[in-house]
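One line per chain: the protein sequences are A and B, in this order. So the first sequence is numbered by the working numbering: it starts at 1 and just counts up by one. So the second sequence is numbered by the working numbering: it starts at 1001 and just counts up by one.
Simulated from the structure, these hints should not be mistaken for lab results. Cβ coordinates follow ideal geometry from the N, Cα and C atoms, glycine included. Errors might be hidden in some of the hints.
[Unchecked claim] Calculated pairs, EDC-like style, for lysine to aspartate or glutamate (alpha carbon to alpha carbon, straight line, at most 20 angstroms):
| hint | chain 1 | residue 1 | chain 2 | residue 2 |
| --- | --- | --- | --- | --- |
| 1 | B | LYS1178 | A | GLU141 |
| 2 | B | LYS1178 | A | GLU34 |
| 3 | A | LYS137 | B | GLU1116 |
| 4 | B | LYS1053 | A | GLU68 |
| 5 | A | LYS330 | A | ASP362 |
| 6 | B | LYS1178 | A | GLU39 |
| 7 | B | LYS1178 | A | GLU142 |
[As the list claims (entries may be wrong)] Rough simulated footprint, nothing fancy, chain B against chain A, three-plus residues with beta-carbon under 8 angstroms:
| hint | segment |
| --- | --- |
| 8 | 233-241 |
| 9 | 278-288 |
[To be verified] For each label pair, taking beta carbons as the anchor points, the in silico distance ranges come out as:
| hint | chain 1 | residue 1 | chain 2 | residue 2 | range |
| --- | --- | --- | --- | --- | --- |
| 10 | B | LYS1178 | A | ASP350 | 55 to 61 angstroms |
| 11 | A | ASP362 | B | ALA1070 | 39 to 45 angstroms |
| 12 | B | ALA1132 | A | ARG82 | 28 to 34 angstroms |
| 13 | B | ASP1268 | A | ALA25 | 36 to 42 angstroms |
| 14 | B | SER1239 | A | ASP293 | 36 to 42 angstroms |
| 15 | A | GLU93 | B | TRP1052 | 48 to 54 angstroms |
| 16 | B | PRO1198 | A | ALA205 | 53 to 59 angstroms |
| 17 | A | ALA300 | B | PRO1198 | 49 to 55 angstroms |
| 18 | B | PRO1089 | A | ALA283 | 44 to 50 angstroms |
| 19 | A | ALA302 | B | VAL1237 | 51 to 57 angstroms |
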Amino acid sequence: MGRVALLVVALALTACSRPPVFLGARMPAGCTGEAAGSERCLGWMIDRILITMSFRPYDDARIAAYVEQVGNRVVRASGDRRTWTFRVLDSTEVQAFAGLSTTVYVNRGALALLRSEAELAAVLGHEIGHVLGGHLKENFEELGKDVGRSRLAESHANRYARDDEIQADEVAVLLLAKAGYDVRAVERMLRAFAATSPTDGDDAADHHPRWTERVARVQALAALHPGGTLEEQRFSTQIASLVVGEDPRGAAVVGAAAVFAHARVAIALPAFQQKFIEQRTIALKVDDRVVIDLRLIEPAIAQRFVAPPSRDTAYELVPAGRQALLITVKGPDAMNLARQMRASVRRPRDEELAQLRPTRIDLDAPRILWLP
Amino acid sequence: MIGVADRDVVIGSVEIAGIDPALAVTLRSVVETAPGQRVGEAPLAADLRRLWKLGVVADAHVEVAGEHVAFVVSPRPRVGTVVVAHADPAASRRFRLLEGAPFEPARITRIAAATELGYIRDGHLDAEVRVASAPRAGAVDVCVVAVPGPRLTIEAVRFPGRSRVSEATLLGALHGAKGGVNTVGGVYDADALATDEPFLISEYFERGMINADIGDPRLVRHGAKLILEIPVTEGPVFSIGTVSIPAAPGFEHGLVRGELFARSRLADLRDRLQQLAGDAFVTPQTFIDLEQRRVDITYQIEWRWPWDALRSWSWPSR
Chain A
1 MGRVALLVVA LALTACSRPP VFLGARMPAG CTGEAAGSER CLGWMIDRIL ITMSFRPYDD
61 ARIAAYVEQV GNRVVRASGD RRTWTFRVLD STEVQAFAGL STTVYVNRGA LALLRSEAEL
121 AAVLGHEIGH VLGGHLKENF EELGKDVGRS RLAESHANRY ARDDEIQADE VAVLLLAKAG
181 YDVRAVERML RAFAATSPTD GDDAADHHPR WTERVARVQA LAALHPGGTL EEQRFSTQIA
241 SLVVGEDPRG AAVVGAAAVF AHARVAIALP AFQQKFIEQR TIALKVDDRV VIDLRLIEPA
301 IAQRFVAPPS RDTAYELVPA GRQALLITVK GPDAMNLARQ MRASVRRPRD EELAQLRPTR
361 IDLDAPRILW LP
Chain B
1001 MIGVADRDVV IGSVEIAGID PALAVTLRSV VETAPGQRVG EAPLAADLRR LWKLGVVADA
1061 HVEVAGEHVA FVVSPRPRVG TVVVAHADPA ASRRFRLLEG APFEPARITR IAAATELGYI
1121 RDGHLDAEVR VASAPRAGAV DVCVVAVPGP RLTIEAVRFP GRSRVSEATL LGALHGAKGG
1181 VNTVGGVYDA DALATDEPFL ISEYFERGMI NADIGDPRLV RHGAKLILEI PVTEGPVFSI
1241 GTVSIPAAPG FEHGLVRGEL FARSRLADLR DRLQQLAGDA FVTPQTFIDL EQRRVDITYQ
1301 IEWRWPWDAL RSWSWPSR
């Protein structure tokens, strides 16, 4: 389970007393007053924080719908009648995690490691297991207390957290069996994830048991649930458009322009010495004195990024579809350069877009599976 | 486990028997006994412990037949029905999710302990979560009974023995007030309070009471209300004695003999010296005169040869 959710809980908790608009979106019905502190409302707020400030939902409606469909099939097998949300995030990191309430997140980097629908169900089933077991609720409650803990208490908490991971794996196996999937997919999913980890050490601070233990436990349970299907063909059809690695359509430098193809915006660049590109951000070192940062952000949080302009720092905010392009220039005459750049904002040209070819998943390529 | 006569046998093959073949491959990977080794009790026992540690076997033993070594393991039975009584919905769900999972008594006991701890940290100080199990054909039924008991809240926090530091100051040193922990109207959390002891002591160190001591907290119950007593032994107030910095005798340290000893002022001076000294070690050493209630302080600066030693030439005092 990712730890990023823990970073945002403080923000979420302090937001309890705010008006019923949160980060540019209206709070769900019933989330006012004291009810805003309920698991459902906090879960919604944390989701809002994650998708506006930390992650960007992956822009592929077909894959999103498919993941939602598989997730709901697993949830139905559990008998849980709540409404669940399954989000695919535009991150190359091999990671999936659960929110406080009934929201499950899976990065496209994790999807790229899978080879069957049953393995996808295994990833989602593990996170569903954390939610059903109430594992995250306790962590959030503990964080809200703002107290210190002795090393002994931390050691106990770590052991309990490992038990939670074991339970989430078990729930994944049991739910896959009920949903009609081949439960051996849980083991293969674990092996695929383990292959991306550098070690299988006995780290006392790690909340996860060793891969050997997880695989052994899953195998022991899987032996009791033969049968089921992997649905490899359906997976390969539905997931075929998945982009692996960095997606140049998020942000790229083409010739003398920065092109944000997904947001349908481009901007002329001055000559520069160095560039750094990550997802929706382009940072340029023009020379020893001037640095430019271009990033797509949610309009609802734009003000959080913009400090009062100073003599050597200037900001310009340009609408870019549903998002906003924030231009930050640092250096002498920053204001003029920022204004010039803003004036150069345009739609990307066809020849620029033609150069942005993302790498699609190759499901026939060999995959590394971890062996104990 | 094995006879003395077996000890000179060179192992020809190793097998994991009695379990699903896929699992056997994984279990084999943790076993260090290998062909070519001599049979020995200690290495085999260590391997049994490794197998046991994985949590998937109910029993394991070694059978040596000639050159063949077999680790014979039994899979765990499944958890059958889980009955949970009196637990809150979240705890109930967690236990019920065990249905169909391997029956692992130690883990179930830990889950019960974690659930109990959750109740206790929520103010149910008498909470108990009991687990019983009963085997039936191919499975083990589990019964969990939670007895949370009353939720006790704090009516007052007192510091017996306190006189020189205000109650508000000491209350301010306790964490968790916003989260309703160790505060009036909140719940008692022993572990959180234990981690706050240095913060309480720090308030006394700031006011010259360098021998102050915080005793074990006591709880006085009135029905569902608690009075939390944190005993304090304040001790005498100490003042600053001599202050010396042998490496920089002329340094304007700003501490005056006879002034109240305050930890933060000593720390500030240490930080100032450290800033000037770079990577050198700056260590305040205190000499306590119990009779005069005075603390003499020497700041030792240990230069790191050779680079930082050169800095000593550029010190303000030289």
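Do the hints match the structure? See the list:
Straight-line distance between C-alpha atoms of B:LYS1178 and A:GLU141 comes to about 12 angstroms, which keeps the hinted pair within the 20 angstroms bound. Taking the CA atoms of B:LYS1178 and A:GLU34, the gap is about 15 angstroms. The hint holds against a cut of 20 angstroms. A C-alpha spacing of about 16 angstroms is found between A:LYS137 and B:GLU1116, which places the hinted pair at or below 20 angstroms, so the restraint holds. Between the alpha carbons of B:LYS1053 and A:GLU68 the distance comes to roughly 37 angstroms, so the proposed pair goes past 20 angstroms and is violated.
Under the criterion of a C-alpha separation no larger than 20 angstroms, the hint pairing A:LYS330 with A:ASP362 is inconsistent with the structure, at around 42 angstroms. With a C-alpha separation of about 18 angstroms, the suggested pairing of B:LYS1178 with A:GLU39 holds against the 20 angstroms cut-off. With a CA separation close to 12 angstroms, the supplied pair B:LYS1178 and A:GLU142 stays within the 20 angstroms bound. Restraint check on the segment 233-241 of chain A versus chain B: 0 residues with Cβ-Cβ distances below 8 angstroms, three needed, restraint violated.
Residue count for the segment 278-288 of chain A with a Cβ under 8 angstroms from a Cβ of chain B: 0. That is fewer than the three needed, and the coverage hint is violated. In this structure, B:LYS1178 and A:ASP350 meet the distance hint of 55 to 61 angstroms, their C-beta atoms being roughly 56 angstroms apart. The given range of 39 to 45 angstroms is respected by A:ASP362 and B:ALA1070, whose C-beta atoms sit roughly 43 angstroms from each other. Between B:ALA1132 and A:ARG82 the Cβ separation comes to about 31 angstroms, which falls inside the hinted range of 28 to 34 angstroms.
Checked against the given bound of 36 to 42 angstroms, the beta carbons of B:ASP1268 and A:ALA25, roughly 47 angstroms apart, lie outside it. About 54 angstroms separates the C-beta atoms of B:SER1239 and A:ASP293, a value inconsistent with the hinted range of 36 to 42 angstroms. Hint check: A:GLU93 to B:TRP1052, Cβ distance near 35 angstroms, so the stated range 48 to 54 angstroms is violated. One distance hint, 53 to 59 angstroms for the beta-carbon pair B:PRO1198 and A:ALA205, is violated here, with the actual separation near 22 angstroms.
For A:ALA300 paired with B:PRO1198, a C-beta distance near 42 angstroms fails the hint of 49 to 55 angstroms. Checked against the hint of 44 to 50 angstroms, the C-beta distance between B:PRO1089 and A:ALA283 comes to roughly 48 angstroms, which is consistent with it. About 55 angstroms separates the C-beta atoms of A:ALA302 and B:VAL1237, a value consistent with the hinted range of 51 to 57 angstroms.
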